[in-house]
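Dock chain B against chain A, hints included.
So the chains spell out like this:
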Amino acid sequence: MTSKKAFRNDGYAKVTGRAAYADDYSFSGTLHMVPVYTDFIAAKNIEIDSSKAEAVPGCVKVITAKDVPGSTCFGQIEHDYPMLITDTVRSWGDVAALVVGETREIALSAADLVEIHGEAVKPVLTIEEALNPYARVIPSYGDSNIVVHHKMRHGNPEDQFSQCELILEEDFETQMIEQAYMEPETAVCLPRHDGVIEIYGSMQHPFSTRRFTAKLLGEPLSNIEIYTIAVGGGFGGKDDTAAIVCARAALGARLLNRPVKMRYTREWSIRESYKRHPYKLHYKVGVSSEGRILAVETEMYADSGAYLSVTPWVTWRSTAQCFGPYTIDHVHADVYGVATNNIFTGAMRGFGSPQVNFASEQIIDMIAQRLNMHPLGVRRINMVKQGSTTVTGQVLDKHTVSMEEVMNSTVHEIGYRKKYEKCSHGSGDSEELYGIGLAISYRGASLGAEGMDFCSCIINGQFDGSLLLETGIHENGQGSESVMMLVLAEELGVNLKRIRYRRSSTSVIPDSGTTVATRGTIMGSSSVVAAAENFKKLLSTHLADRLKCNPEEITFHNDKIWGKTFDLSLSWEEAMKELFLQRVTPYAFGTFQAPDVSWDDTVGQGNAYFTYVYSCQSAEVSVNRKTGKISLLNVVASHDIGKAINEAMVFGQIYGGVTQGIGMALMEEVKKEEGRITSLNFDTYKIPRMTDLPEMKGIIVENHDPQSLTGAKGIGEPALELIAPAIANAVYNATGIRCKSMPLHIDPEELK
Amino acid sequence: MSKSIKINNKIVLVENNELEMTLLHYLREKRFLRGVKNGCEKGLCGSCTIALDNRGIRSCRMKVEKAIGKEIITVEGMEYPDGSLHPIQQAFIDAGAVQCGFCTPGMIMSSYVLLLKNPNPGREEIRKALQGNLCRCTGYQQIVDAVEIAASKIREEGLSPLAGCLQS
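Chain order of the listed sequences is A and B. Under my numbering, read the first sequence as residues 1 to 752, first letter to last. Under my numbering, read the second sequence as residues 753 to 920, first letter to last.
Hints are computed from structural coordinates only; laboratory data are not their basis. Glycine is no exception: its CB is placed at the ideal position from the N, C-alpha and C atoms. Watch out, some of these pointers could steer you wrong.
Stated by the list, open to error - Cβ pair distances, simulated, as ranges:
#1 K869(B) with P220(A): 54 to 60 Å
#2 Q883(B) with L108(A): 29 to 35 Å
#3 K869(B) with D49(A): 54 to 60 Å
#4 R500(A) with N872(B): 38 to 44 Å
Just chain A, same shape as in the assembly:
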């Protein structure tokens, strides 16, 4: 056991099979909807003949774009994603029609009979092809395949290179990754007698789902009510596509006035859902003889696929965090999102940083090797410290900058210094080559200058002393509800048993933004504190007479409400009753607004994020000389998350994030043939199994963050973003071979 017992408000439901996910909901009279894909990758003049399908007994309707009362297209930034295509196919994931049947089997057999004709167009499948000035322009908007270009202009690197002792120019490449949540996308939609469509879906962002649905139906947001139910993982991947599955089922429910279920197979899920952006990265880095990084120039290209989704935000993070947690005076970055006819790319845990870190943290080790310095030394000289200025010109003086403390904690735990001396570097007689590697990162918590950042919380006291709690943060499996309950129990000094986390609905809790960007804990728990403050103030005002003291003298602890001298107290049962008798509702609302951030897009400078999470991960590997097989022996991961609220779940986030990063480093890749994805299930899309992993050690570093009302920051994404370069560095130290693309591959021929 690595930690204290975990608290999960949904633990009992999830270990007994009671937890109901979207596919576990059914209503009488439910119809079943399935998608119809075209086999085109790119095509125009599409015509759909659904007459044969509609003639199948039990086939209720074949829905195409012409049936859509609202807009067929929507998106989080650009409204370019066709929830149903009209006449153009831009990727192999495009959906042409929705077949609704009395049973799923009927819908599936009718779907086979939908005929789609069109004129195939030569697809553009690589970034290079897409950048060719004569290439066909893929997006429906704009006039270029470059869909976004972020610039950073910090100092003037060009002038510095002549003074550098060492100049490295390196290219790196990262692959397309599937989020691979265990639960495929599913939605059940119920038309309600009052005209509202109720949605039970496997989405990670109810409010985004509501926007997609409202757009497709051409109805106001208030016509759609989305309930929080158990969600089987998201990792960034259950925003657009999961929302669109809900929207389509809602369209069916609206048109046919019956409940409609749409359950995705794993194959449909992988075919259609957006992926992690593959990147091509070029770096030119100038270093002084002492190992000080003087200048960086970088150019990165991210494959955005056929639709924009959140590419501008993903690539923005790659810009703001373009070269690790280092203070460098001269940095120019140009980060491009490029449209192709590949499946579109969007949010996945890490969001534009794992790709960058894979390059930059290997470059640091390359600098160390070329200058004959220690890798820790190069990091120490260049890393951000208290009061340092980042590459975006932000002064880090509003929280504890613990980069060195965090690095030291991993270094000591794993014994990096001694083990570093024992690395094989490709030589020795042993069949197994040994190496250790390490990487560090900082990660801007929450959205930063990417978007509006605030979160709301409602506390609703009941007559009998029980309390209902809800926030705008969504439970995707990470345990956010449990965190909010623990924070409220602490704030009100009450027994956890008093608190029930209410199953939220989009019609009750205000839109608090997406549960993404490592913002659940920092934003959600701060909103709980804000609401609890209001709640305590209200209670104090109305209980002061009963407790014979001034309102400000009242305290909340030991599951009671206390007067000044502690000789008078009220139980929560008494207190709530007292408020009701006074005709006062024991109800509080609180909002936490993220501290200000700033950004000047013309030069890529500003206070990008209001705080940062500092991380250091290290891995030990062995590489088999005969087969080239890379085996992980050990992983240590330290993270300054401000404060741990539910310790066992923090470790769960660390191990889970590291494991997804290990998948990226060693085995995962969405394979394609001519734009068609061929790795459509877990036989061909391999994710880490239990036996692929070593025992890991997570270390929580706690420097309470003064800008978070609980002191807590977050851990979701930091856990994933840096293990790949740590492993790549370990593999280099084992073999002497530098892997600049993922998944890492060692050709045994090179080890002879």
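Here is chain B on its own, set in the frame of chain A:
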């Protein structure tokens, strides 16, 4: 002769038109045992794992016909009749082995089958026994912890490892 399966210690008569269904769909749609999860339908993820005559089975890969006359335990059969938890279930909560929970029923059933055979498995043995169950949230470490904790509780307190529905 009527065809039946014993599911969670209750004998269930099977209709002829159900014989060709996969156990996954039969258990979910006909028996409303929705804790049996559908993650891939190809026997690749382990979310639909059940115990069939004390062996771990991917219910998406077996027809109902093959289960006739046999005994099935699903995650719903693990708790005791009074709703209290089997040590494996409790250990999954305490160890922090549950996040999204979609793999959890399958993990619990694979753990159950393991502990019936081997009351004191080492961490490597646990990893081998559960390697067919995929989880994307946890990195598995706390799942291994959970199985270890459950095994030691069953041994040390002399508890029966049998599913709750089999104990009165």
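Right, here's what the structure says about each hint:
no.	hint	result
1	K869(B) with P220(A): 54 to 60 Å	holds, 58 Å
2	Q883(B) with L108(A): 29 to 35 Å	holds, 32 Å
3	K869(B) with D49(A): 54 to 60 Å	holds, 57 Å
4	R500(A) with N872(B): 38 to 44 Å	holds, 39 Å
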